[in-house]
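A.B. asks: With chain G fixed as given, assemble chain P onto it according to the hints.
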Amino acid sequence: MAMRFETSPAPHVIAGFSVPRVMFQVLLALLPVVLVQVAVFGPGLLLQMLVAGPVALACEALALRARGRDAAPFLRDGSVLVTAALLAVAVPPLLPWWLMALGTAIAVLLGKHVFGGLGSNPFNPAMVGYAALLVSFPLEMTRWPVPFAPGGDWDAYTGATALDALRTGLGQRLTMQEIFVGPAFGSIGGQGAQWINLAALAGGLYLLGRGLVRWHIPVAVLAGITLPAFAMHAIDPGAYASATFQLFSGATMLGAFFIATDPVSAATSDRGCLVYGAGIGAITWAIRTWGGYPDGIAFGVLLMNVAAPLIDRYTIPRIHGHERR
Amino acid sequence: MTARSTFPPGLELEARKAAPMRQPLRVAPAPPWVVLALDQGSGDAALPLLTPGARVRIGTPVGRAAGEAAVDVHSPVAGVVRSVESRPLPGPTGAGPCIVIENDGSEELETGFAPIDWATLAPQDLLARIRSAGIAGLGGAAFPAHAKLAAARERSATHLVLNGAECEPWICCDDALMRERAADVLLGAQVLLHACGAAKCTIAVEDDKPEAIAAIAVALAAAADPRIEVATLRAIYPAGAERQLLAAVTGLEVPYDALPPAIGLMCQNVGTAAAAARLVRTGQPITTRIVTVTGSGVRQPANLEARLGTPIGDLVAACGGYESEPLRLIAGGSMTGRALATDAVPLTQAVNCVVVATAADLAARGREMPCIRCGDCATVCPPGLLPQSLLRAIAAGDDDQVARHGLADCIECGCCDYVCPSRIPLTARFRAARETRRARLDERQRAAEARDRFARHEERLAATAEADRQAFEAARSRARGEREG
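In order, the protein sequences belong to chains G and P.
Residues in the first sequence are numbered consecutively from 0, following numbering that gives the first Met the number 0.
Residues in the second sequence are numbered consecutively from 0, following numbering that gives the first Met the number 0.
The shape of chain G in the complex, shown without the other chains (with noise of 0.2 Å):
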């Protein structure tokens, strides 16, 4: 008598990350930052992140029902979790937690749903609620806590951050030296984001080490804003900042390791992703440089994101026994 077997088509075995394991390394990678930046910033993070989770997968259960899908795979997917955490580290820790709210839930309905939910997205959800927030609520959005306060209490200091100290000091035609000794000002960066830069260099290290993230779009967006701001500085240090401040100012490792990095909304192939990530770091030193908002990363994403069916038309790889194209 025959056996009879179940059929299945080939390849009988896979491997790999799931989507799921995919989020939570991201999570897990962006741990240092949230750390350093309650240690430099107290712990207003925190509460953020209390707000933006919830309210993120209220949003994605919501969109999913409106959609009429099945809501469990993709709440458990934790592609939600990912946005709400880079949207709450991205915004300063003091921001009403109404705004934070806000933006979250604009993150998450109209960044990811209204175009079809998880990889349909054609902008990196966490910075359209950014985006949002910040050309809505410009004051809310740019106080930062002094960072380290004294006496714990952190609560009654706000200040300048380095980029904005940096714009309004240029603005007020006073020389780097003059601007530099400010309180906003640490070895290397921004005083408290040159910490936080770093953290999320090391999270960023270890998304590449794992293999979560390939190295196209970071070193692009480093090199992006490293490039001119080194030229510039070397034509006119008066008049620009050292690339070593901008690598460790403001968001950009975390924009170039975290953000900038979100696949979905990136370009495809490895050259694409050169271009793409070249674009943000030259459109984030831009608007830091010349622009009327004193940081540039979401912006730069955004625009890129734009850009980036039009990267992939004229970057698609060379496939195996054709000609170059």
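Note that these hints are calculated values from the structure, not bench results.
The structure displayed is predicted, hence computed values, not measured ones.
Take these hints with a grain of salt, some might be off.
Which residues of chain G face chain P? A few of them, derived with a C-beta cut under 8 Å, are [to be verified]:
1) 3
2) 7
3) 11
4) 13
5) 14
6) 24
7) 76
8) 77
9) 117
10) 119
11) 213
12) 214
13) 319
Glycine included, every Cβ here is placed at the ideal spot set by N, Cα and C.
C.D. replies: Same frame as chain G, now just chain P:
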């Protein structure tokens, strides 16, 4: 011996070849019945030569190649033809015409076989002998060996590459062959060189088979043929895929729209070479092949030299039978093998391995999630496609983008599936898209032919009408002339 690294993309996979390699290669018992596939799996069937009731001996021709991709078929047992009918087969068609022969156990050999003095034979005649021996490519594709060799001869190919990479998990029949019959592989290389006219032969083996490489090296020293060399490849799946292998060994890429002879290359499996060696040594047609029977669901995994047409269930029985809970029966390896619905299907020249897989050997796919475009698939794709973009283009029905993203260049190796975190069955999607495309092209061609027929029919009608009109005009003017005159 030259060491070369493979083309970089691909996967480092757990080999899972240890268990059958602990057993010596052995001959499987002849089954009481053989079911001889007239189509080895390449898509063209041979025409049956005998009707039920006919007596056959080992080596008696029972099928004659008809199509371009068919090979002659010979009986692997002595006995009586019982039926000629469609039976389930391990190939992509799922079923096809077969000749069922009852083995009488006499093991009587057909007469008239004699060793071939191949070195003095004209290459054309040697090709004809390979053809009439019914040898198909034993690496899995089962394309007639003589046809490939003749194409290489026509295009004056200079470099023959013998594929002993055997990159896919579980499969180790070529490893067993190279270890135990290295001299046959060497002799086969010389025979194939003579047949296809190439000046040089490289035997390519993955570096995870040191015993096979050593055995080949010993045989090579004995043969003392300066035209033949061994190349070791890094064990990366799919190093043994034809185009990837040729690129790794020669540094040349076969153009997408051409076959290897177009750039002076020819690739044959080491098993095919050994079959050619056996042919010249004995003059007998191919009636057996080496097959790996393995997996956690079989008691004693081993490599068997088995008669073609042996039911797979008999092969499993020859290895101690089923054990624990066999879930899936795979013809081939775990990456590209075909899951069989039943073990009643027979061994063909295309089947290099049978995996009796239990749950432990398989991976539960889990729920398919949307593509997050992480790009893991693109980093492992051997031809260098962007599977995520190809998938999107197929879903969007954008034919132009589907073509640009190289649907036709997909080698269906399964690497993208293996790494996809969203558990998307990419390979199955691509295969389905190709089939739809092919069906649509056929449809279009049929429509074009119908249109053409209709147009010609209209032309004929118009021509007839014109002739009628002219005849009428002529008659009328004649009548008018008569009236006036």
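A.B. asks: Give a verdict on every hint.
C.D. replies: Hint by hint, here is what the structure shows:
no.	hint	in the structure
1	3	holds (5 Å)
2	7	holds (5 Å)
3	11	holds (5 Å)
4	13	holds (5 Å)
5	14	holds (6 Å)
6	24	violated (11 Å)
7	76	holds (7 Å)
8	77	violated (11 Å)
9	117	holds (5 Å)
10	119	holds (7 Å)
11	213	holds (7 Å)
12	214	violated (11 Å)
13	319	holds (4 Å)
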